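Asker: What follows is the residue order along each chain.
Number of protein chains: 2
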Amino acid sequence: MVVTSSTTKLKLPEGSKGVLVKNLYLSCDPSIQNRMRKFKVSSYADPFKPGSPIIGYGVAKVLDSGDPNFKEGDLVWGLTSWEQYSIIYGTDTLFKIHHTDVPLSYYTGIVGMPGLSAYVGFYEICSPKKGEYVFVSAASGAVGQLVGQFAKLTGCYVVGSAGSREKVDLLKNKFGFDEAFNYKEKPDLDAALKRYFPEGIDIYFENVGGKMLDAVLKNLRDHARISVCGMISQYNLGQPEGVHNLMNLAWKQARMEGFLVVKHLHVHLKFVEFVLPYIKLGKIVYVEDVAEGLESGPAALVGLFAGRNVGKQVVLLSRE
Amino acid sequence: MVVTSSTTKLKLPEGSKGVLVKNLYLSCDPSIQNRMRKFKVSSYADPFKPGSPIIGYGVAKVLDSGDPNFKEGDLVWGLTSWEQYSIIYGTDTLFKIHHTDVPLSYYTGIVGMPGLSAYVGFYEICSPKKGEYVFVSAASGAVGQLVGQFAKLTGCYVVGSAGSREKVDLLKNKFGFDEAFNYKEKPDLDAALKRYFPEGIDIYFENVGGKMLDAVLKNLRDHARISVCGMISQYNLGQPEGVHNLMNLAWKQARMEGFLVVKHLHVHLKFVEFVLPYIKLGKIVYVEDVAEGLESGPAALVGLFAGRNVGKQVVLLSRE
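Protein chains in written order, with the working numbering: chain V, 1 to 320; chain B, 1 to 320.
Treat the hints with caution; some may be incorrect.
[Unchecked claim] Derived pair list, reagent style DSS-like, types lysine-lysine, alpha-carbon separation capped at 25 Å: (1) V:K211 x B:K40; (2) V:K211 x V:K184; (3) V:K96 x V:K129; (4) V:K129 x B:K263; (5) B:K184 x V:K218; (6) V:K186 x V:K211; (7) V:K194 x B:K40; (8) B:K172 x V:K38; (9) B:K184 x B:K218; (10) V:K263 x B:K130; (11) V:K263 x B:K218; (12) B:K270 x B:K130; (13) V:K71 x V:K96; (14) B:K263 x V:K218; (15) B:K194 x V:K38; (16) B:K96 x B:K172; (17) B:K38 x V:K218; (18) V:K61 x V:K9; (19) V:K270 x V:K61; (20) V:K49 x V:K17; (21) V:K40 x B:K211.
It should be emphasised that the hints constitute simulated quantities derived from the structure, not laboratory data. As the structure is a computational prediction, the values presented were derived from the model and not from experiment.
This is chain V alone, in the form it adopts within the complex (with noise of 0.2 Å):
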């Protein structure tokens, strides 16, 4: 990634049927490193073009529309590019912000697609009860947090797992998780899920990969769902790591789904509508870790491989 300078006018070409915005806040999201690949890896995002800005979610300003659905002024969520300013056609993957008593960051995160994510992936996939044992791995992160905040609301017990003791405070003394853990002090994460469910685990949020997953096959429960989101300790290798304890799903009649948020953006009002008033009324809380400027972008990304971020990885171009 490099940061390159040009000049624009900040005026739609005449006839454009585009819409030219401000950019206000960029989404770090892990998915954007599966479009750097020469493959594509889903049917529905392409791999990027080398020279070409990141497309990723961001919150923008419009500032010329030629478009009838967006007008000068309007505030906007969507897929957008990494710069200043963006002229963006492909207009249905950009929504109108409605509700601005939230911050605008919140919608890359909270009220965007990463709160989407674990609205899908925990209520649409996992169909929770209360009273079931529910583990979140990368639980502090953009979507982690918040599936235990769910966990809790729906009378879950619910542990997390996260790479720091920073992390693992903010887990159990911010976000209410019942237990959480710091993996990297866990050689043996078999043993440490028997623990923290020693009757084992009925749903599984699935952020990592790799080991955790493996150890999370061997503690089912009977009928057991594990919601696959993403698995960010794999995307860097050569090879994905293997996972051996498959047959478990045989054996606790589990099942493991994955899903692509960005096929359910039809909930997604239905779930701004399920969110908000307990973002509202302090309910529910959400902690982001905010880099400022353009140039901090690719370290932002880069950063959340390592697990250098703190909450959901927000990238400040402008507050307005």
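Dock chain B against chain V, hints included.
Answerer: This is chain B only, laid out in the frame that chain V set:
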């Protein structure tokens, strides 16, 4: 495994609530091996006690009964022991045979647990639709041969893999698979699957695990379903092989779900009513591999794991 002899009176002890049976057919099932461990792999079956007879499914004739649900002369199928005569106490896993116009041995196969496994795993777990692309591994085995025929009845395109030319021939010419291949002749399983499924795989009926599963994961279509019935290639390994491509579950919004057929016995009658007419009309066929005599049992069971059986492996003790 050793074969031992002793004598017994063919009469139940006074006041016994059990059922004394003469065993006619014993079923060689890969799952028997899962009970030859020191630990319990599922909540539904304890490890065998060394020195005791192997417990498995079979067909038997009632000689004496202390249970009002069974009487002398009844033909039954269900859990029995690998011996010529058995006293069965857990009669909740013993079922009367009502249809005797199919071979009795079929109650160890097509109308027994393997048949029910194919039915539940294909129809209930995978919800197949006409025109979908179906792949079955261990496709000439007790379960696989039926899954392929069910897939054809549903109007799917179905490809099977097996471990010999003889089996591949059966798949194509007896069971009506659209295509079949010998996995031992395909060092690059990924490339083989890409050739047979240029559009990808909608449904994978998993009987083998390991490298085959890994190759399938790379060839899933969006919304694919994997039904985990068993992973026979893995049971004799100290540690099962690593499966690397699980992130495709998310990228393809796919589901992988395991089941234990023993938990679906309530569907058995419905299944028999479904399958019997097809058998009688010759629209579904079934191939058995019959070993004769109790002393041939151990080699027949062990042979499953080397793929020595062609079709459902049965041990015949007595025809009546």
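Asker: Take the hints in turn and mark each one as holding or not.
Answerer: Tested hints:
1. V:K211 x B:K40: Status holds; Cα separation ~22 Å.
2. V:K211 x V:K184: Given pair K211 of chain V, K184 of chain V holds - Cα atoms ~12 Å apart, limit 25 Å.
3. V:K96 x V:K129: Answer violated: K96 of chain V to K129 of chain V is near 34 Å, above 25 Å.
4. V:K129 x B:K263: holds (21 Å)
5. B:K184 x V:K218: With Cα atoms ~30 Å apart, K184 of chain B and K218 of chain V exceed 25 Å; violated.
6. V:K186 x V:K211: Holds. K186 of chain V to K211 of chain V sits at ~12 Å (cutoff 25 Å).
7. V:K194 x B:K40: With Cα atoms ~16 Å apart, K194 of chain V and K40 of chain B stay inside 25 Å; holds.
8. B:K172 x V:K38: Cα-Cα ~37 Å, so violated.
9. B:K184 x B:K218: With a Cα-Cα distance of about 19 Å, the restraint between K184 of chain B and K218 of chain B holds, given a limit of 25 Å.
10. V:K263 x B:K130: holds (24 Å)
11. V:K263 x B:K218: The hint holds at about 20 Å.
12. B:K270 x B:K130: holds (22 Å)
13. V:K71 x V:K96: holds (10 Å)
14. B:K263 x V:K218: Holds, at about 20 Å.
15. B:K194 x V:K38: holds (18 Å)
16. B:K96 x B:K172: Violated, at about 35 Å.
17. B:K38 x V:K218: Status holds; Cα separation ~16 Å.
18. V:K61 x V:K9: The hint holds at about 16 Å.
19. V:K270 x V:K61: holds (24 Å)
20. V:K49 x V:K17: holds (23 Å)
21. V:K40 x B:K211: holds (22 Å)
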